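Residue numbers (this note's numbering), protein chains in the order written: chain C, 1 to 471; chain Y, 472 to 570.
If you're looking for bench data, these hints aren't it; they were derived computationally from the structure.
Quick caveat, the model's predicted, so the values are computed rather than measured.
Yeah, the Cβ is synthetic: ideal placement off N, Cα and C, and Gly gets one too.
Treat each hint with caution, since some may be false.
Some, not all, of what chain C presents toward chain Y, calculated at C-beta under 8 Å [claimed, not checked]:
no., residue
1, Y149
2, I150
3, T197
4, R203
5, Y204
6, T250
7, R255
8, L293
9, I307
Here are the simulated distance ranges between beta carbons [as the list claims (entries may be wrong)]:
no., chain 1, residue 1, chain 2, residue 2, range
10, Y, K500, C, A352, 32 to 40 Å
11, Y, V489, C, A352, 35 to 43 Å
12, Y, G501, C, S188, 53 to 61 Å
13, Y, E530, C, I304, 24 to 32 Å
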Amino acid sequence: MESNGGDDVARIRRDIEALKDTKARIEDRISVLEAKLQETVSLAPRLQQNDGVYHVSCPPIPAADANLANGLSSDSVYRYSRHLLLPSFGVQAQSNLLKSSILVVGAGGLGSPALLYLAACGVGCLGIVDHDVVELNNMHRQVIHTEAYIGQPKVKSAAAACRSINSTIQIVEHREALRTSNALEILSQYDIVIDATDNAPSRYMISDCCVVLGKPLVSGAALGLEGQLTVYNYKGGPCYRCLFPTPPPTTACQRCSDSGVLGVVPGIIGCLQALEAIKIAAAVGEPLSGRMLLFDALSARIRIVKIRGRSLQCEACGENTTFNQEHFRDFDYEKFTQSPLSTSPPKLNLIAAESRITSKEYKERIVNGEAHVLVDVRPEHHYKIVSIPKSLNIPLASLEARLPEISSVLEEKKTNEGVESGANLYVICRRGNDSQRAVQYLHKMGFNVAKDIVGGLESWAHDVDPNFPMY
Amino acid sequence: MQLTLEFGGGLELLCQSVKIHNVNVDLPKGAEKLTMKDLLSWVSTNLIKERPEMFMKGESVRPGVLVLVNDCDWELSGQLDTTLEEKDVVVFISTLHGG
Numbered sequence: 001m002e003s004n005g006g007d008d009v010a011r012i013r014r015d016i017e018a019l020k021d022t023k024a025r026i027e028d029r030i031s032v033l034e035a036k037l038q039e040t041v042s043l044a045p046r047l048q049q050n051d052g053v054y055h056v057s058c059p060p061i062p063a064a065d066a067n068l069a070n071g072l073s074s075d076s077v078y079r080y081s082r083h084l085l086l087p088s089f090g091v092q093a094q095s096n097l098l099k100s101s102i103l104v105v106g107a108g109g110l111g112s113p114a115l116l117y118l119a120a121c122g123v124g125c126l127g128i129v130d131h132d133v134v135e136l137n138n139m140h141r142q143v144i145h146t147e148a149y150i151g152q153p154k155v156k157s158a159a160a161a162c163r164s165i166n167s168t169i170q171i172v173e174h175r176e177a178l179r180t181s182n183a184l185e186i187l188s189q190y191d192i193v194i195d196a197t198d199n200a201p202s203r204y205m206i207s208d209c210c211v212v213l214g215k216p217l218v219s220g221a222a223l224g225l226e227g228q229l230t231v232y233n234y235k236g237g238p239c240y241r242c243l244f245p246t247p248p249p250t251t252a253c254q255r256c257s258d259s260g261v262l263g264v265v266p267g268i269i270g271c272l273q274a275l276e277a278i279k280i281a282a283a284v285g286e287p288l289s290g291r292m293l294l295f296d297a298l299s300a301r302i303r304i305v306k307i308r309g310r311s312l313q314c315e316a317c318g319e320n321t322t323f324n325q326e327h328f329r330d331f332d333y334e335k336f337t338q339s340p341l342s343t344s345p346p347k348l349n350l351i352a353a354e355s356r357i358t359s360k361e362y363k364e365r366i367v368n369g370e371a372h373v374l375v376d377v378r379p380e381h382h383y384k385i386v387s388i389p390k391s392l393n394i395p396l397a398s399l400e401a402r403l404p405e406i407s408s409v410l411e412e413k414k415t416n417e418g419v420e421s422g423a424n425l426y427v428i429c430r431r432g433n434d435s436q437r438a439v440q441y442l443h444k445m446g447f448n449v450a451k452d453i454v455g456g457l458e459s460w461a462h463d464v465d466p467n468f469p470m471y
Numbered sequence: 472m473q474l475t476l477e478f479g480g481g482l483e484l485l486c487q488s489v490k491i492h493n494v495n496v497d498l499p500k501g502a503e504k505l506t507m508k509d510l511l512s513w514v515s516t517n518l519i520k521e522r523p524e525m526f527m528k529g530e531s532v533r534p535g536v537l538v539l540v541n542d543c544d545w546e547l548s549g550q551l552d553t554t555l556e557e558k559d560v561v562v563f564i565s566t567l568h569g570g
């Protein structure tokens, strides 16, 4: 029975794999046919292949149905009827919306809800830019993506979701990272830009690009349990640089992948970004320009504050600025902000090779029964998620105060396990950056045996224990 | 002078993760008013417990920190020269980049 069960499992797995293959091939054929269909229809977007990347432009928005006095087709009247029933929105605003084009940069925690609402509400042309793929550890907040798309481009996944909500609008996929080399070309095709990115250089780049192209920018950000929202470069209002002429130190730029984020927080800010974009596109209400919304989820507080107007001294939009499209193309945003446009974590190399061992080497030393102490320098709440058995948690921030503790456990090991030369000391963290900082400090304080485990727990999970949970 | 100070966007981590501080700040000796410049120096001495460089740069706040006096950007009230009144609410908020 046992072996039969095993055979069954293997057979089922093979069948699943074969079916998935077939499914992928069928989906490919469908996309090819869909593309063909779009090309033959008069509203077709202009497709040009370049270096394997599709540059698709936002097509002209179809002219309104001439047969109807209000300019909306009967299908549109039915689909958007609840908008039309709003006295302060109505036919004119909906018609404006249907003629507008909006670009969402980033299909992550902010972009997900923004795209869902923008597709549903009938924005004529909706563009999506992202270079990343769907990952399971982001799905708690990137609610536009489904499990079936894990490993696939976010743009593809988000576009499919938008199309399934509203097949009557144009969805344009920009499956590439936004750079100074392509930003002007992409942004110029849209009326309104939504910044749903996750890093400082992208925020400066998108704002500057909107300034030189004269596009309003709906900017949102979220981290931990807080969110922020404002509209830049709208009808003489300030741009991002007016508010933040000097970039913050890189240590002040935290990432969701390091500091965490409660999924619903970017969800709320992303929805508000959709709202502001809809107001601008439909020409209703008062957009959040010259004001900023600050959201604190834990205390359930929303504060709307008045911010400065356009700065006359602003390098991007000030009175005597020479900043133009040419400057934009040549501007080095990564150098300016001292941080990369992608959010991949840094890989430091602070200490000499002889003070480092790989996770595999460390595993061998455990197997050989070497007398040692393993110090895990991650913050306590990280240590609580998962840790290597018998490791000692001393967060980097409290290392200085807890040096005596390390001395005493080293001494204990030496005595208990009878090693003349003394026990060894290894330091680990999540990715192998903080552990190097710790070893550097430990050497300075006389703990010369201290060695860092290269790549931290990530490499431990990758190279030694594939069942070790990673986060 | 009674003031309410609020820290957000991660700046609260510099003052023991407490976001709202109701404080009593004395006027500097011989001065007739309290300015934001005085308050910043009071905050760095009395509230910021770690990594002061994450709050201040020179005599002002570091780049990327918005200062709001009664829900209004301090750029509009004279920045460091802003005069504070009894019961004012001053917010220090670090700009976020995540998404």
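For each hint, the structure was consulted:
1. Y149: violated, 19 Å
2. I150: Constraint on C/I150 not satisfied, violated at 20 Å.
3. T197: Holds, because the Cβ-Cβ distance from C/T197 to chain Y comes to roughly 6 Å (cut-off 8 Å).
4. R203: holds, 6 Å
5. Y204: violated, 10 Å
6. T250: With a minimum Cβ separation of about 10 Å from chain Y (threshold 8 Å), the hint on C/T250 is violated.
7. R255: With Cβ-Cβ at 6 Å, under 8 Å, it holds.
8. L293: This hint is violated: C/L293 lies away from chain Y, its Cβ roughly 11 Å from the closest one there, beyond 8 Å.
9. I307: holds, 4 Å
10. Y/K500 x C/A352: 32 to 40 Å: Distance hint for Y/K500, C/A352 is violated at roughly 53 Å.
11. Y/V489 x C/A352: 35 to 43 Å: holds, 41 Å
12. Y/G501 x C/S188: 53 to 61 Å: This hint holds: roughly 59 Å between Cβ atoms.
13. Y/E530 x C/I304: 24 to 32 Å: holds, 29 Å
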